[in-house]
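Next come the chains, spelled out residue by residue.
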Amino acid sequence: AQSVTQLDSHVSVSEGTPVLLRCNYSSSYSPSLFWYVQHPNKGLQLLLKYTSAATLVKGINGFEAEFKKSETSFHLTKPSAHMSDAAEYFCVVSEWNNNDMRFGAGTRLTVKP
Amino acid sequence: DGGITQSPKYLFRKEGQNVTLSCEQNLNHDAMYWYRQDPGQGLRLIYYSQIVNDFQKGDIAEGYSVSREKKESFPLTVTSAQKNPTAFYLCASRQSSGNTIYFGEGSWLTVV
Chain W
119 AQSVTQLDSH VSVSEGTPVL LRCNYSSSYS PSLFWYVQHP NKGLQLLLKY TSAATLVKGI
179 NGFEAEFKKS ETSFHLTKPS AHMSDAAEYF CVVSEWNNND MRFGAGTRLT VKP
Chain U
572 DGGITQSPKY LFRKEGQNVT LSCEQNLNHD AMYWYRQDPG QGLRLIYYSQ IVNDFQKGDI
632 AEGYSVSREK KESFPLTVTS AQKNPTAFYL CASRQSSGNT IYFGEGSWLT VV
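The listed protein sequences derive, respectively, from chains W and U.
Sequential numbering from 119 applies to the first sequence in the numbering used here.
Sequential numbering from 572 applies to the second sequence in the numbering used here.
Some hints here could point you the wrong way.
[Unchecked claim] Using C-beta positions, here's what the derived DEER-type ranges look like:
#, chain 1, residue 1, chain 2, residue 2, range
1, U, Phe583, W, Ser130, 33 to 39 Å
2, W, Ser132, U, Gly634, 25 to 31 Å
3, W, Asn159, U, Ala632, 21 to 27 Å
4, W, Ser132, U, Tyr581, 32 to 38 Å
5, U, Phe583, W, Ser148, 42 to 48 Å
[Stated by the list, open to error] To give an idea of the chain U side of the interface with chain W (calculated C-beta under 8 Å), a few residues:
#, residue
6, Gln612
7, Leu661
8, Asn670
9, Thr671
10, Ile672
11, Phe674
Honestly, the hints are just simulated from the structure, not real lab data.
Think of the CB as a built atom: it goes at the ideal place given N, C-alpha and C, for glycine as much as any other residue.
Just chain W, same shape as in the assembly (with noise of 0.2 Å):
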């Protein structure tokens, strides 16, 4: 069965720096990916999905990462943060049949000012 792990339960970022979010896999078949972003009592919205077409996928807000299949990861990066990236961030991977989607812990992203 699949899985997946997110390295950072927390990060913090100033704003204006980089970010990035660690995730790495596991998967018997060819996965597809996803980040999801939560904002405080809210449901959950997609971010970015990778489905075995490009390596490297852009999402909303600025955000993208990159499928490195030799790594098994995922890691969602963007350039630079602002406030409203504040949230938590969850890695997400399933497999052939779709109804077995496994969810990482999240990662709590703070931007301070």
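For chain W, the structure is supplied; the task is to place chain U on it using the hints.
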């Protein structure tokens, strides 16, 4: 606007009571899901349904029940058998031909 509507946003339950959380979607999605989220943790799957009148247990189905009488609706009942029901509950849906899952705004359930 298309989307997933969960209600109520906040719900309080007394010990021994059953409560039902509503989830309605107008996206014409085939599959619907219920997740539970506890503070500082990821999402855990309670139940899912791929078609009307059919549903399967997820990882933590004990103490919960669901129905899927209509494509648009997937209500979740938290029964008195669920010993620790205080959590944030998220409903989601997906088109059968797609692999992206979409979420509602969530419902907070608190036991008082």
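Structure-based check of each hint:
no. : hint                               : result
1   : U:Phe583 with W:Ser130: 33 to 39 Å : 34 Å, holds
2   : W:Ser132 with U:Gly634: 25 to 31 Å : 44 Å, violated
3   : W:Asn159 with U:Ala632: 21 to 27 Å : 25 Å, holds
4   : W:Ser132 with U:Tyr581: 32 to 38 Å : 35 Å, holds
5   : U:Phe583 with W:Ser148: 42 to 48 Å : 45 Å, holds
6   : Gln612                             : 6 Å, holds
7   : Leu661                             : 6 Å, holds
8   : Asn670                             : 5 Å, holds
9   : Thr671                             : 6 Å, holds
10  : Ile672                             : 6 Å, holds
11  : Phe674                             : 4 Å, holds
When each numbered hint is compared with the structure, a violation occurs for hint 2 only.
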